[in-house]
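Q: Now for the letters of each chain:
Protein chains: 4
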Amino acid sequence: MLKVAICGGSGYTGGELLRILSSHSKVKVTAVTSERSAGKKVTDLFPSLYTYARMEFEPLKPEKLLKKADLFFLALPHAASQEAVDFFYQNGKKVIDLSADYRLHDPKVYSEWYSTNHNFTNTLKKAVYGLPELHRGKVKKSSLVANPGCYPTSAILGLYPVLTKGLIKSGSIIIDSKSGTSGAGRKGSVNFSYCEVNEGFKAYGIAGHRHTPEIEQEISLIAKKKIKVNFTPHLLPVNRGILSTIYVDLIKRSDTKTMIELYKKIYGKEAFVKVLDENFFPNIKNVAGTNFCEIGLKVDTRTNKLIIVSAIDNLIKGASGQAVQNMNIIMGFKESEGLDSLAVHP
Amino acid sequence: MLKVAICGGSGYTGGELLRILSSHSKVKVTAVTSERSAGKKVTDLFPSLYTYARMEFEPLKPEKLLKKADLFFLALPHAASQEAVDFFYQNGKKVIDLSADYRLHDPKVYSEWYSTNHNFTNTLKKAVYGLPELHRGKVKKSSLVANPGCYPTSAILGLYPVLTKGLIKSGSIIIDSKSGTSGAGRKGSVNFSYCEVNEGFKAYGIAGHRHTPEIEQEISLIAKKKIKVNFTPHLLPVNRGILSTIYVDLIKRSDTKTMIELYKKIYGKEAFVKVLDENFFPNIKNVAGTNFCEIGLKVDTRTNKLIIVSAIDNLIKGASGQAVQNMNIIMGFKESEGLDSLAVHP
Amino acid sequence: MLKVAICGGSGYTGGELLRILSSHSKVKVTAVTSERSAGKKVTDLFPSLYTYARMEFEPLKPEKLLKKADLFFLALPHAASQEAVDFFYQNGKKVIDLSADYRLHDPKVYSEWYSTNHNFTNTLKKAVYGLPELHRGKVKKSSLVANPGCYPTSAILGLYPVLTKGLIKSGSIIIDSKSGTSGAGRKGSVNFSYCEVNEGFKAYGIAGHRHTPEIEQEISLIAKKKIKVNFTPHLLPVNRGILSTIYVDLIKRSDTKTMIELYKKIYGKEAFVKVLDENFFPNIKNVAGTNFCEIGLKVDTRTNKLIIVSAIDNLIKGASGQAVQNMNIIMGFKESEGLDSLAVHP
Amino acid sequence: MLKVAICGGSGYTGGELLRILSSHSKVKVTAVTSERSAGKKVTDLFPSLYTYARMEFEPLKPEKLLKKADLFFLALPHAASQEAVDFFYQNGKKVIDLSADYRLHDPKVYSEWYSTNHNFTNTLKKAVYGLPELHRGKVKKSSLVANPGCYPTSAILGLYPVLTKGLIKSGSIIIDSKSGTSGAGRKGSVNFSYCEVNEGFKAYGIAGHRHTPEIEQEISLIAKKKIKVNFTPHLLPVNRGILSTIYVDLIKRSDTKTMIELYKKIYGKEAFVKVLDENFFPNIKNVAGTNFCEIGLKVDTRTNKLIIVSAIDNLIKGASGQAVQNMNIIMGFKESEGLDSLAVHP
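Protein chains in written order, with my numbering: chain A, 1 to 346; chain B, 1001 to 1346; chain C, 2001 to 2346; chain D, 3001 to 3346.
It cannot be assumed that every hint is accurate.
What the hints assert, rightly or not - Pair ranges (Cβ atoms, derived): (1) B:K1252 x C:D2070: 53 to 61 Å; (2) A:K252 x C:D2070: 52 to 60 Å; (3) C:K2265 x B:R1054: 16 to 24 Å; (4) C:G2185 x A:I251: 50 to 58 Å; (5) D:K3061 x C:P2077: 48 to 56 Å; (6) D:N3191 x C:K2064: 25 to 33 Å; (7) C:P2062 x A:V190: 48 to 56 Å; (8) B:G1092 x D:D3277: 19 to 27 Å; (9) B:R1054 x C:K2140: 30 to 38 Å; (10) C:I2251 x A:V190: 51 to 59 Å; (11) A:K67 x D:E3270: 34 to 42 Å; (12) C:K2108 x B:K1026: 43 to 51 Å.
Stated by the list, open to error - Think about it this way: if two alpha-carbon atoms lie no more than 30 Å apart in a straight line, the pair counts; the simulated DSSO-like pairs of lysine-lysine are: (13) B:K1026 x C:K2265; (14) A:K202 x B:K1041; (15) A:K67 x A:K93; (16) A:K169 x C:K2026; (17) A:K269 x D:K3041; (18) B:K1257 x D:K3202; (19) C:K2265 x A:K252; (20) B:K1202 x A:K187; (21) C:K2040 x B:K1026; (22) C:K2334 x B:K1041; (23) C:K2040 x B:K1257; (24) B:K1334 x C:K2165; (25) C:K2169 x A:K165; (26) C:K2093 x C:K2169; (27) D:K3228 x B:K1252; (28) C:K2224 x A:K252; (29) A:K228 x C:K2252; (30) C:K2169 x A:K202; (31) A:K40 x D:K3265; (32) B:K1252 x D:K3269; (33) D:K3169 x D:K3061; (34) D:K3228 x B:K1226; (35) A:K26 x D:K3269; (36) C:K2165 x A:K169; (37) B:K1169 x B:K1224; (38) A:K126 x A:K40; (39) B:K1169 x D:K3252; (40) A:K40 x D:K3264.
In short, the hints are calculated from the structure, not lab data. Quick reminder that beta carbons are idealized off the backbone N, C-alpha and C, glycines included.
Work out the full structure, taking the sequences as your base and the hints as a guide.
A: Printed below as a string of structure tokens:
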């Protein structure tokens, strides 16, 4: 059994790591940290995680943790993750970082968007952007995975096939995304209190959200040229799920059927990407609680735009599930181990 | 125009006072206070209150406020209200206090349930419990109204007719109440964050909620004997509304029709109490956004229990609307002035 | 008092007309029709409309209704409205039609998108598209108003200032709209049942929604050239509200401040359009239950796109409220009469 | 692999059977029926059940089904189940019936509450009421299990310990239950449409719900005397979960600690019943998506009442999960096989 530690385990992504790993046949969680909740039982914060009834949160003491585990999931806040990642990595451990700290290859871009410097640029160079559908080979050989952000996962998976095939005008990409409220994390804040969110809907971070450079980095790599996008996130009054509606200009005339065939061909062997048949479109309900990404496609023949709709669970394929998927790849486990739950409906 | 000040105007009850008074034909709001938001515009906290676009929150300085208004609504936290109420009252102002500080006649009971002493017991004696349907005459002559709590409003209005007629066994009363989340106030707290409340439902404060002695005080006065109740509140994943399901043992056999007739007779002239016809029962949707209380009745002939279901909007009939109703009574305005909005459906 | 009849009063727009008119000082509702609910009390279908406790639905018999009212609101299904509108109009009555039957000036476009012929093309020529902010003068002189659709209202109000000033590339318009579920009407359908909608989110009618030609007609008129748009509606798990996120390419470089100034200038005297200050954006919560439209603006200087966010209540500014606004204009009443409620928060 | 057929597979309980069985290591679903959806793919109705992409619904032809499976789950409407159950049972198959048709031992009580006769009273005598925590031994030996109703499961599990120990007054039991909307089934109905349920809350079926005699049958058997209860269901605006708040009079003075000890002792070995520690109470969120039942307890020493709060997922422990649990018992599989998922939070 692989010994695994979770650093920063009291938030929603930490909780999801715990839950997913509890049914993983090859893994044992040996430690889970939380500064604020150190000494509390896991079930005090997550009453439904009955299987962890005897486990307690401990403070994050890297030296002490080193001996406890061979693979580390870090679900710490941005910036706070930099040093811990470096420490575990330099000490020969496998590290999967769920923060944004090791996602952007260029430390200048990082400091521009995250308002803090990157102090471990050598380690940064070792990090692989852990979107398995794009970088599986690199992940397999890596000991340090930067787990992708939730919005970028939905956007990049939606855009990859048409970009890699060079079918769209690169200046035309608009990504209109809508996320469930768990994306804001588990925190006390009037803005994310029940009454303020319920029966509401709004855009936020327009033309300034931090996931923009992450999306641009990856799609520029796919397209092999610099691409800028318009990315607008919105806050949905649901717990989970991201749905991105993506608008792109096709270079040549095409139709829906052709596009679906292309996507099915490219994603045909992927366990977690479901390209839907014509006239079917994703609903976040269908992927909530799962590691799946659904993609629906429509060519608007009146304007020759392709509309791509992709949906994921922001906490699973957009965070903890993808992290476990990356672990499975690194460790040579079956890629879907622990991750094959279907959505509970309704 | 009556000049009115609102002390503690940044929470949900404060916002509702502002909103209701904005369409009141005889009142002008001249000041609104908030310690934390002093200097901010009302519309910074309540973007939808367009009519207050030029008004700012100010700190609560009683001396300064004295000159600004003739009637004071206090929507301050419990204990914080004691002194301010006393000050405005002793300076000859009309005061309507939305906190619990002046509701319990017996200061010992107050300190037992609220874990703090009452330091203004002489002023306390002057306070009238402002449930107009029971105490309209006293409210009319009063300058100090203790505005009832939300749960007590729903429970007492439900129980009043059978209690005043002596039809039920006083030891048998069970009040199972369910409240929308706005009852917890406008605050940043993980427990009341969207994700924790949404798709959830739970009981809380079982056998220990502070509204228990308030209910017991009033129904004991009605029944003219000491009554203890079982009161269990629950947290509903909706913004607004309280629905109380009340179980009582009838002393004699009766039936639903008879009970409805009694309730209709007693509440027939009340503008804000709607006794429903047989086989109709309240839904919080029907009263949300309004000052109405709906009551539905059923006698279970198998067990000879009467089941009373009452519904109100916790922030309106359970707080700010009832406060305005009390103001209307004190000032001799039409009792429903500013309060006749119907529920927006759906 | 103006005598008013509502044809098709059992759905959500009919209910909203009843509710709004109940507080209108110059109007008396003399008849309300429903085929399916004829003979039932209004309060059987709308328990919260206490003020209509004595009114019953009647079947739609045009001859009989003629004598009962001077102005007719028609909230009938599409196609079903054609003949009734013609009848009341030809008999000299004022008519405000909430269906789509008289919105599209070109009957060919109508039959193409609505799969039925228009049989009253002469009457169609008399109809004015009742978006007061664009066509107030025409509405004032008209006896037949085609009340705009909900999505078009949000889209056109958002686009009007930049289009009328010729600031954007007309081929670039993308309208990504999200609507509350009441937009689907009051009906029994598995797809709109609580469990299927709750915790879900999806796009629908991609590149084929019937509101597309309505938007294109109006914005082409503003721009004085043929414009095609990409319009994608989504289904939000809330009761009310439409938020449209609109992406347009600016012809010249500009900035957010300049755009806000332009919008404020153009809409400055409008009672129901609120252009928000910089860094503020609409939330459907702020307009739900009201006739207001909120507009927020942001120029993305990286891509020189303007992002326009507009929000309305789909049943009020998007239907019944706008219908009453049109009535007020036609009749010479104050334009905001009956329509000045603020949103209930939370 | 055990071959299993699901009769009536297009509703929510059918969908849950499919989902749960898809991860069951000892079972293969060989047929699923639906009259209305015969010929459709399972994924047309349940897009998230990817693993059934190649399976279609077929009409319910008992003769034909006989050969296909060894164990039959019937998720048919009440009354419709009678004959099919009898047929499969008489033909030597194992049958687990999720309808109410075989739950009530007395056919007179059945016809009184369900307004239809029972035509298979001999088969009825063979049926075991499949609440494993009470009747595991009988279930084990049985070929015909009447799977309990959702409300009864929550109520009976809550009451069993104090009833079997004779600690409460049998005339005093009040069960105030609140259910998520999936309890109403998957159907098109205005009353259960999103807009009507969302932001609403109401009681229904007061003193007349069909689960009353089922609860009374079982608790009378436990207490070894006839017991009548007051049972009031309410409709919660959530998808899943039942929370029952149960009030009983204790015969002797007791306290919370003692009661918790008793419940822990009685349920200590049960895989699916979680008795919570003092001051912890159930939340439907903690059990939604799982087969667990949470129970919290509080003695109100002021009134000597015990308040029992129990929570389950109405579709799992209250239906399909319990059905699989019963199958596991009958077949000698591990009782929790396929059923050990934890709740997804949030």
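Q: Could you run down the list of hints and mark each one as holding or not?
A: Going through the hints against the structure:
| no. | hint | result |
| --- | --- | --- |
| 1 | B:K1252 x C:D2070: 53 to 61 Å | holds (56 Å) |
| 2 | A:K252 x C:D2070: 52 to 60 Å | holds (58 Å) |
| 3 | C:K2265 x B:R1054: 16 to 24 Å | holds (20 Å) |
| 4 | C:G2185 x A:I251: 50 to 58 Å | violated (40 Å) |
| 5 | D:K3061 x C:P2077: 48 to 56 Å | violated (40 Å) |
| 6 | D:N3191 x C:K2064: 25 to 33 Å | holds (31 Å) |
| 7 | C:P2062 x A:V190: 48 to 56 Å | holds (53 Å) |
| 8 | B:G1092 x D:D3277: 19 to 27 Å | violated (54 Å) |
| 9 | B:R1054 x C:K2140: 30 to 38 Å | holds (31 Å) |
| 10 | C:I2251 x A:V190: 51 to 59 Å | violated (41 Å) |
| 11 | A:K67 x D:E3270: 34 to 42 Å | holds (38 Å) |
| 12 | C:K2108 x B:K1026: 43 to 51 Å | violated (57 Å) |
| 13 | B:K1026 x C:K2265 | violated (33 Å) |
| 14 | A:K202 x B:K1041 | holds (21 Å) |
| 15 | A:K67 x A:K93 | holds (10 Å) |
| 16 | A:K169 x C:K2026 | violated (57 Å) |
| 17 | A:K269 x D:K3041 | holds (22 Å) |
| 18 | B:K1257 x D:K3202 | holds (20 Å) |
| 19 | C:K2265 x A:K252 | violated (41 Å) |
| 20 | B:K1202 x A:K187 | holds (20 Å) |
| 21 | C:K2040 x B:K1026 | violated (39 Å) |
| 22 | C:K2334 x B:K1041 | holds (29 Å) |
| 23 | C:K2040 x B:K1257 | holds (22 Å) |
| 24 | B:K1334 x C:K2165 | violated (50 Å) |
| 25 | C:K2169 x A:K165 | holds (28 Å) |
| 26 | C:K2093 x C:K2169 | violated (42 Å) |
| 27 | D:K3228 x B:K1252 | holds (18 Å) |
| 28 | C:K2224 x A:K252 | holds (29 Å) |
| 29 | A:K228 x C:K2252 | holds (18 Å) |
| 30 | C:K2169 x A:K202 | holds (26 Å) |
| 31 | A:K40 x D:K3265 | holds (25 Å) |
| 32 | B:K1252 x D:K3269 | violated (46 Å) |
| 33 | D:K3169 x D:K3061 | violated (49 Å) |
| 34 | D:K3228 x B:K1226 | holds (29 Å) |
| 35 | A:K26 x D:K3269 | holds (27 Å) |
| 36 | C:K2165 x A:K169 | holds (28 Å) |
| 37 | B:K1169 x B:K1224 | holds (13 Å) |
| 38 | A:K126 x A:K40 | violated (35 Å) |
| 39 | B:K1169 x D:K3252 | holds (21 Å) |
| 40 | A:K40 x D:K3264 | holds (22 Å) |
In this structure, the hints that do not hold are numbers 4, 5, 8, 10, 12, 13, 16, 19, 21, 24, 26, 32, 33, 38, in rising order.
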